[in-house]
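Enquirer: If you're matching them up, the sequences are chains G and P in order. Counting with my numbering, you get residues 1 to 142 for the letters of the first sequence. Counting with my numbering, you get residues 143 to 308 for the letters of the second sequence.
For the record, the hints were derived by calculation from the structure and aren't laboratory data. A hint or two may mislead.
Stated by the list, open to error - Mimicking DSS-like on lysine-lysine, the simulated pairs with C-alpha atoms at most 27 Å apart in a straight line are: (1) K171/P / K67/G; (2) K231/P / K288/P; (3) K285/P / K231/P; (4) K231/P / K56/G; (5) K125/G / K285/P; (6) K268/P / K285/P; (7) K125/G / K294/P; (8) K64/G / K171/P; (9) K67/G / K56/G; (10) K56/G / K171/P; (11) K294/P / K171/P; (12) K171/P / K231/P; (13) K294/P / K231/P; (14) K125/G / K288/P; (15) K28/G / K209/P.
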Amino acid sequence: MRYIYYLLALMAGAALSFEGAIYAELGKSVGQIETSFYNFLMGTVIMGLLLLFFGKGDLPHVLKAPKWSLLGGVLGVVYLTSIVVSVPFVGVGTTMVAVIIGQMIMSMVIEHYGWLGSERTGVNKEKVLAVLSMTVALLLIN
Amino acid sequence: MGLFMILFTLIGGITLSAQSSINGALSRKAGTLETTFLTFLTGTLFLVILILFFGQGDVLGLLNAPKWQLSAAFLGTAYLLLTVMAVPKIGVIAANIAGIAGQLVIGIIIDHFGWFNSLHIELDWKRMLALVFMVISLYLIYKGNKRSAEAKAKPTGGERILVQEQ
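For reference, chain G alone in the conformation it holds in the complex:
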């Protein structure tokens, strides 16, 4: 029964690759920034509905929250736009490997210093070797 949840997580990742491939196509016809805009606009609509019906959190908290904690949207724009721009040139596979390497390195740094409200967790040799191994994969795939 537990395996079904691994499958769900796999499907979640797969959804990201499908999203990248399809948006690359949309980007060719309407433009890359415009495609990002569409994604964020539709995301706002979908999440707005989900929030209205199922939200249990505290939305007004964002007015009191530290300002750095409101920067997620801008960072997301950089991520999505980079994918829409890159996929037509190097393909989905290479793009995703590069994104994941960026994530692996950055989350290692963030956790090592305990930045952005994360719990401080030191770098260990497995994590460094994981980045190296993924970099070899990037060199091979490209």
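Chain P: place on chain G using the hints.
Expert: Only chain P this time, still in chain G's reference frame:
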């Protein structure tokens, strides 16, 4: 051009990682749906300004775009919901690693078949070998994160004293 694109995408990964830490911090107080909503909303506002000043595309073309392309917007939501469902059952580390595996494998499959009119890149022996290194890397991420988690769970000096006092 390809190398430049890869560097650009690496930066995309870096910002994504920063985003998940930042959103993690905000969602502890504001809630997951609320944080995601805010992420999309601020992203939209930021893009309105970008498009007005630097947009060279055709925003209104969205109205005529094929619906299958527009439906990609639901995939981002699907990612979020599937992850939220999986994390409580199998844990953050396993959910992340399974997610990455799905992302990589499907990415290579899309390339191989040239789905969605994308670049057609066949699964040759080099890409197979790349897959092997990806699996090694995912295994190492799992080991590394597990070790960090165990190190955290170990009682520190302070906690031990507390236990003795009780």
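Enquirer: Indicate, hint by hint, whether the structure satisfies it.
Expert: Tested hints:
| no. | hint | result |
| --- | --- | --- |
| 1 | K171/P / K67/G | holds, 14 Å |
| 2 | K231/P / K288/P | holds, 16 Å |
| 3 | K285/P / K231/P | holds, 19 Å |
| 4 | K231/P / K56/G | holds, 21 Å |
| 5 | K125/G / K285/P | holds, 10 Å |
| 6 | K268/P / K285/P | holds, 26 Å |
| 7 | K125/G / K294/P | holds, 17 Å |
| 8 | K64/G / K171/P | holds, 10 Å |
| 9 | K67/G / K56/G | holds, 22 Å |
| 10 | K56/G / K171/P | holds, 11 Å |
| 11 | K294/P / K171/P | holds, 23 Å |
| 12 | K171/P / K231/P | holds, 22 Å |
| 13 | K294/P / K231/P | holds, 21 Å |
| 14 | K125/G / K288/P | holds, 12 Å |
| 15 | K28/G / K209/P | holds, 15 Å |
Every hint from the earlier list agrees with this structure, and none is contradicted.
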